[in-house]
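When you line the sequence shown up against my numbering, it's residues 793 to 1471, in that order.
Hints listed in this document are in silico derivations from the structure and should not be mistaken for laboratory results.
Please read all numbers here as calculations on a predicted model, not as lab measurements.
Even for Gly, the Cβ is constructed at its ideal location relative to N, Cα and C.
A few of these clues could be false.
25 Å max Cα-Cα, derived DMTMM-like pairs, lysine to aspartate or glutamate [claimed, not checked]: (1) LYS1235 / ASP1278; (2) LYS906 / GLU927; (3) LYS1148 / ASP1124.
Pair by pair, the computed Cβ-Cβ distance ranges are [to be verified]: (4) ARG1203 / ASN1105: 27 to 35 Å; (5) GLY926 / LYS906: 20 to 28 Å; (6) ARG1441 / ALA1024: 45 to 53 Å.
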Amino acid sequence: MSKEKSISIWDSKIITRALLDSLRKLNPTAMMKNPVMFVVEVGSVITSILLIRDLAASAPGIGFSLQITLWLWFTVLFANFAEAMAEGRGKAQADTLRKAKTETTANRLLPNGKVEIIAAPQLRKDDIVIVSAGEFIPGDGEVIEGVASVDESAITGESAPVIREAGGDRSAVTGGTRVLSDQIKIRISSNPGETFLDRMISLVEGAERQKTPNEIALNILLAGLTIVFLLAVVTLQPFAIYSSAPQTVFVLVSLLVCLIPTTIGGLLSAIGIAGMDRLIQHNVLAMSGRAVEAAGDVNTLLLDKTGTITLGNRQATEFIPLSGVSETELADAAQLSSLADETPEGRSIIVLAKEKYKLRGRELTPHEAHFIPFTAQTRMSGVNYDGREIRKGAVDAIERYVNGNGAQAPRELRETVERISRAGGTPLVVADNKRPLGVIYLKDIVKGGMKERFDQLRAMGIKTVMITGDNPLTAATIAREAGVDDFLAEATPEDKMALIKREQAEGKLVAMTGDGTNDAPALAQADVGVAMNSGTQAAKEAGNMVDLDSNPTKLIEVVEIGKQLLMTRGALTTFSIANDVAKYFAIIPAMFSVAFPVMNELNVMKLATPQSAILSAVIFNALIIVVLIPLALKGVKYRSLSAAALLRRNLLIYGLGGIVVPFIGIKLIDVAVVALGLA
793 MSKEKSISIW DSKIITRALL DSLRKLNPTA MMKNPVMFVV EVGSVITSIL
843 LIRDLAASAP GIGFSLQITL WLWFTVLFAN FAEAMAEGRG KAQADTLRKA
893 KTETTANRLL PNGKVEIIAA PQLRKDDIVI VSAGEFIPGD GEVIEGVASV
943 DESAITGESA PVIREAGGDR SAVTGGTRVL SDQIKIRISS NPGETFLDRM
993 ISLVEGAERQ KTPNEIALNI LLAGLTIVFL LAVVTLQPFA IYSSAPQTVF
1043 VLVSLLVCLI PTTIGGLLSA IGIAGMDRLI QHNVLAMSGR AVEAAGDVNT
1093 LLLDKTGTIT LGNRQATEFI PLSGVSETEL ADAAQLSSLA DETPEGRSII
1143 VLAKEKYKLR GRELTPHEAH FIPFTAQTRM SGVNYDGREI RKGAVDAIER
1193 YVNGNGAQAP RELRETVERI SRAGGTPLVV ADNKRPLGVI YLKDIVKGGM
1243 KERFDQLRAM GIKTVMITGD NPLTAATIAR EAGVDDFLAE ATPEDKMALI
1293 KREQAEGKLV AMTGDGTNDA PALAQADVGV AMNSGTQAAK EAGNMVDLDS
1343 NPTKLIEVVE IGKQLLMTRG ALTTFSIAND VAKYFAIIPA MFSVAFPVMN
1393 ELNVMKLATP QSAILSAVIF NALIIVVLIP LALKGVKYRS LSAAALLRRN
1443 LLIYGLGGIV VPFIGIKLID VAVVALGLA
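Start from the sequences, fold in the hints, and give me the full structure.
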């Protein structure tokens, strides 16, 4: 399941399974789901019955009838093979997932406090289990007590263990993963057969794949075209009889099969399955094909700043002292105030003071140092030692702290803070004995390449909005540096929900990521909600996609994959409709050239005989499905272009190409058919 290791479409096991499945799919009840190919199958059955009749009667022209019948069956089988190949990749990945479903036992905690050992499948929702180091987690759930390192490689493909703990946004655990250290208490959140792993297996196998609205609409269109051409072919025979050029059923069925859109009809299901498969290769699980399709139509992308646009950990980059204070004095006070600060920001302050000013941590025990922890109320932290009160915190908090002593913070301090904020940094003010010393410049680092990716999204007409808890000034600077279109500063869950509803009210589709319980309402409201696998169960249930790697940046790739799905479907639909033109020029003249010699003028490909023309068109009609299977499974190469530019490119490559390629292909097949004496 690792995203670095995708399964080849030409894997021998997949091909073998697909060949067998393509035969099983000949079942009429299965074929009826695809109206275009069902008509081809009915035509194949009719020609087969007539072929058996002609063989029994030793009728002339058996060779031509036999070839037409075989190639009609090949057309059906090739379409089934395309779908089976797409499903086969999912089934191969499902086999890998099943290895994670080991038969484990569970230590279920009883109401009386005792522990009983039962088989994992006997667990029910809301059961409490205890899992120790070395044991497998018996089912999906939430950590309600303890913290542990968990190996999730069986699910995510990533070897690095992750931390799961109670009371935060990293409390969700998945059945089949293994605890590496410590002990945790878990509340089971699903019944047997309803686990995350069970759903993954069903989804990747395609068993629960539902057709998307666009796919259903296209199927209806294809069915409509098939009915129109069926009526046209049926009514053509009376005209042919009137013209003294009656046609055999073999020729009429050949005409029908070549007129209806068999190419896209045979590949449409494979395109949808392959779209979900590409997401799975990126370790993203889509709960439905609708979600993948919606990702391709997204207009607005909501992205968290921290961890998505920026690296996530602000780093101390500079000490800026006030007038009369040396840089070393400020660095020393900043380091002392951060000795008990275990946050990445606190550690970066210590490292900067050490590397730039050669200041090292001191032994404070003899000085009876008393560390002041950070609280949401005071918004500052620090240390009291040797008669000094050193504080570090937000400018407003330090100003209140200083003003409480009757002193006023200098104007220079506010100017320095505003300059840092305008530059996109986060200022932390340091004070010693209620005297401001200066400012620590913490900087959020924008990830490399983000600006270019946002430019690509903008070219596709997608609006990007950065979500952050920072103040508007800092948010505006980061947004400008990253290249996003808009930002939402000091965002609350209610603000996110309001923004999504506002965008949707304008007819736009919205995508966002989240991992916490407070993100659940917005994830449920968004058209594409990507929940992090490391997040809470509420977030995972609210979203319609789950990122197994818990990488917020993955949302951009999800949109690209959705776009690729729509591009592939559009490209192959264009090619399918266009490539019918050459078949008209092959079959229509062949049918009526004897009765109406003037029809030979339409034989622009100079096909040898009427029989070779019809046979060549039918053979091309079957083989083109096989040729296009790799494109249907891999997808059209993604390009960040506007809808108008993509349409022009589609028409040029797949429209014009769909007209030219069949003319060349049918002519080459005609030459081969004549050379081999097949017609």
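Tested hints:
1. LYS1235 / ASP1278: 20 Å, holds
2. LYS906 / GLU927: It holds: about 19 Å lies between the C-alpha atoms, which stays within 25 Å.
3. LYS1148 / ASP1124: 11 Å, holds
4. ARG1203 / ASN1105: 27 to 35 Å: 32 Å, holds
5. GLY926 / LYS906: 20 to 28 Å: 22 Å, holds
6. ARG1441 / ALA1024: 45 to 53 Å: Roughly 32 Å apart at Cβ, these two residues miss the hinted range, so it is violated.
When held up to the earlier numbered hints, the structure conflicts with hint 6 and nothing else.
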